[in-house]
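Peer 1: Chains as they are written, first to last, in the numbering used here: chain A, 77 to 420; chain B, 77 to 420.
Incorrect hints may have been included.
[What the hints assert, rightly or not] Pairwise CB distance ranges, derived in the manner of DEER restraints:
1) B:SER330 - A:ASP165: 10 to 20 Å
2) A:GLN403 - B:ASP87: 45 to 55 Å
3) B:SER330 - A:MET146: 49 to 59 Å
4) B:ASP223 - A:ASN128: 46 to 56 Å
Quick caveat, the hints were computed from the structure, so don't treat them as lab data.
For clarity, every value in this text was computed on a predicted model and none was experimentally measured.
Yeah, the Cβ is synthetic: ideal placement off N, Cα and C, and Gly gets one too.
Number of protein chains: 2
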Amino acid sequence: MKIAIDAMGGDFAPQAVVEGTMKAADRYPHVEFILFGPEEQIKPLLTQPKENIRVHHAPRAIKVDDSPVMAVRRQKDSSLVMAAQAVKDGEADALLSAGNTGAVLTAGLLIIGRMKGIDRPGLMATLPSFADNHAYTILADAGANVDCKVRNLVEFAHLASLYQEKVFGLKNVQVGLLNNGTEEGKGNALTKEAYQVLKADKQINFAGNIEARETLTTPCPVLVGDGFICNAVLKTVEGTAMTLMAAIKEAIQSGPLSAKVGGLLIKKPLKKLLKQVNYDQVGGAVLLGIKSALVKAHGSSSAVAIASALDQTVNIVSSGLIPAISQQLEKEVAETLEQETKEG
Amino acid sequence: MKIAIDAMGGDFAPQAVVEGTMKAADRYPHVEFILFGPEEQIKPLLTQPKENIRVHHAPRAIKVDDSPVMAVRRQKDSSLVMAAQAVKDGEADALLSAGNTGAVLTAGLLIIGRMKGIDRPGLMATLPSFADNHAYTILADAGANVDCKVRNLVEFAHLASLYQEKVFGLKNVQVGLLNNGTEEGKGNALTKEAYQVLKADKQINFAGNIEARETLTTPCPVLVGDGFICNAVLKTVEGTAMTLMAAIKEAIQSGPLSAKVGGLLIKKPLKKLLKQVNYDQVGGAVLLGIKSALVKAHGSSSAVAIASALDQTVNIVSSGLIPAISQQLEKEVAETLEQETKEG
Numbered sequence: 077m078k079i080a081i082d083a084m085g086g087d088f089a090p091q092a093v094v095e096g097t098m099k100a101a102d103r104y105p106h107v108e109f110i111l112f113g114p115e116e117q118i119k120p121l122l123t124q125p126k127e128n129i130r131v132h133h134a135p136r137a138i139k140v141d142d143s144p145v146m147a148v149r150r151q152k153d154s155s156l157v158m159a160a161q162a163v164k165d166g167e168a169d170a171l172l173s174a175g176n177t178g179a180v181l182t183a184g185l186l187i188i189g190r191m192k193g194i195d196r197p198g199l200m201a202t203l204p205s206f207a208d209n210h211a212y213t214i215l216a217d218a219g220a221n222v223d224c225k226v227r228n229l230v231e232f233a234h235l236a237s238l239y240q241e242k243v244f245g246l247k248n249v250q251v252g253l254l255n256n257g258t259e260e261g262k263g264n265a266l267t268k269e270a271y272q273v274l275k276a277d278k279q280i281n282f283a284g285n286i287e288a289r290e291t292l293t294t295p296c297p298v299l300v301g302d303g304f305i306c307n308a309v310l311k312t313v314e315g316t317a318m319t320l321m322a323a324i325k326e327a328i329q330s331g332p333l334s335a336k337v338g339g340l341l342i343k344k345p346l347k348k349l350l351k352q353v354n355y356d357q358v359g360g361a362v363l364l365g366i367k368s369a370l371v372k373a374h375g376s377s378s379a380v381a382i383a384s385a386l387d388q389t390v391n392i393v394s395s396g397l398i399p400a401i402s403q404q405l406e407k408e409v410a411e412t413l414e415q416e417t418k419e420g
Numbered sequence: 077m078k079i080a081i082d083a084m085g086g087d088f089a090p091q092a093v094v095e096g097t098m099k100a101a102d103r104y105p106h107v108e109f110i111l112f113g114p115e116e117q118i119k120p121l122l123t124q125p126k127e128n129i130r131v132h133h134a135p136r137a138i139k140v141d142d143s144p145v146m147a148v149r150r151q152k153d154s155s156l157v158m159a160a161q162a163v164k165d166g167e168a169d170a171l172l173s174a175g176n177t178g179a180v181l182t183a184g185l186l187i188i189g190r191m192k193g194i195d196r197p198g199l200m201a202t203l204p205s206f207a208d209n210h211a212y213t214i215l216a217d218a219g220a221n222v223d224c225k226v227r228n229l230v231e232f233a234h235l236a237s238l239y240q241e242k243v244f245g246l247k248n249v250q251v252g253l254l255n256n257g258t259e260e261g262k263g264n265a266l267t268k269e270a271y272q273v274l275k276a277d278k279q280i281n282f283a284g285n286i287e288a289r290e291t292l293t294t295p296c297p298v299l300v301g302d303g304f305i306c307n308a309v310l311k312t313v314e315g316t317a318m319t320l321m322a323a324i325k326e327a328i329q330s331g332p333l334s335a336k337v338g339g340l341l342i343k344k345p346l347k348k349l350l351k352q353v354n355y356d357q358v359g360g361a362v363l364l365g366i367k368s369a370l371v372k373a374h375g376s377s378s379a380v381a382i383a384s385a386l387d388q389t390v391n392i393v394s395s396g397l398i399p400a401i402s403q404q405l406e407k408e409v410a411e412t413l414e415q416e417t418k419e420g
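The following block holds chain A by itself, in its conformation from the complex (with noise of 0.2 Å):
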């Protein structure tokens, strides 16, 4: 398995990216990682150089602010693009990075290329969840497609439970589509019609509305929403944590000596939570629908946050995802087609 790393993207690029790759490098001795950026900046940082990295020269770096199609059909010199091209020729399996969302977005859509028979790909996120049935609960669109068709909610829905399948081994996934109440006939104008088309679908293990009070309880290893909404809910999830957690400090701070000595018992289990709900800290979001994998880590990523991104990236590879997509999809085809002879 060989791994294609954007070495420039992120906040604390190149350094956080390439002393995570080195922590994943021990991790993984089978694995090839493969660093594109330029070269006299990214092997003076190679301070433990492995057997199982190389560094592939790519002169240049897309902006965070630069406009992510322009970027992206321009600077062919580019860690990013030039990643990207790797996976499309073959040459590696999958693309990470923490640069600019947007570019990294359009490198998967128009250089690694949608799979035939997906209208959006989805981009997945991972939230902790609460729940006792699973560990992590996906949100997808994450915010890459933020206007939406039914068709599209239904692919994500797919997308995210064979996610849930293949890489955490969960079965007969349940699906829940984000909606303002729980009843049948809630909703906007999407939610609504997507409901009867998700109730009809019977590849789909659907639960119905859930509303977004429940995301971080649902017992639904999955929720779809269109990227607008998710985006939402995820930001506000991270933001009410974080407030939470700020007053809760500060309460204890400027509250009476009782309250200090409190304060310190429970930093633990506190410190503990809040990692918990700290979405951008479990690896990155999933870019599906592609031919291959791309991972998109967090832009704040530490050199901890891309090892364990890649730690997902092999996990996704390894477990086979992208191909039973593939599959599942053909196998769809052929039905239709097979459908529509008996029909005809």
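Chain B: place on chain A using the hints.
Peer 2: Below, chain B without anything else, positioned relative to chain A:
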């Protein structure tokens, strides 16, 4: 001032509604409270008869699962419809209900009626803020309009700004647009266009895009978005806060003795905080853009919650918010006419 109260609305009606009304009647001796509901049920609950509480017989109650439009159209002798009719007829200045949300909003629209010049009245939710410059952030629309046009968001911005000015005494109220990124040009089809119209509107102090992550901490006292997105954000704040608090409790209880002791010591500040983020506790949501004040209290309102929603109702009526909205609308119509005359 007279307030019409749907005594049969809410999970704990009529008991909690009657009790809450008795509390409010003590606080506001010059306000008349009219309880609409079956006399034989309401009167025995009025254990402390007050001069400023009157019961108006209404034999029926709309149920939580009744279809809103059907219920309001057909159940003319229900407590909600009769209370709304009293407001329409000028027998009361405001309506309070904790009943079926859809039915309450429908009664506001169909019976009390839209103000001239308003396309879609907006539901204003009041969320406690952690910012220094204001106590409550208003989210509009909080769920009455799940599919919106740009015009609707602009109207919500106007209505919510006036609400902050008149009821909470703020000046130069900054309005943020809930969006999936802060930069101009971010968003879905609706928010991209709304950004430009809000920016060009000289009556609105537009602060640009605000990400959902900032909901609790933004310095903007008003956040606008369609009813689907604001509803999701509100429910995610609530769900995340509840889940985190439960998890903290669990971590403390299952931890070592030191954690248990720590937990006891910080119990009080934690409880205070939880109350602060529970938006249901802050009175109710207000439907603005109809001809009179309408407050929708949460379905699970206790007597205390009903009393605090009545505080809010009294505040709104005595602030002169409703006439101020109608004056502003008349002024806008006059200005548009003048402009057209000049151009013509």
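Peer 1: Evaluate each hint against the coordinates.
Peer 2: Tested hints:
no. : hint                            : verdict
1   : B:SER330 - A:ASP165: 10 to 20 Å : violated (52 Å)
2   : A:GLN403 - B:ASP87: 45 to 55 Å  : holds (50 Å)
3   : B:SER330 - A:MET146: 49 to 59 Å : holds (53 Å)
4   : B:ASP223 - A:ASN128: 46 to 56 Å : holds (53 Å)
Hint 1 from the list above is the single one not met by this structure.
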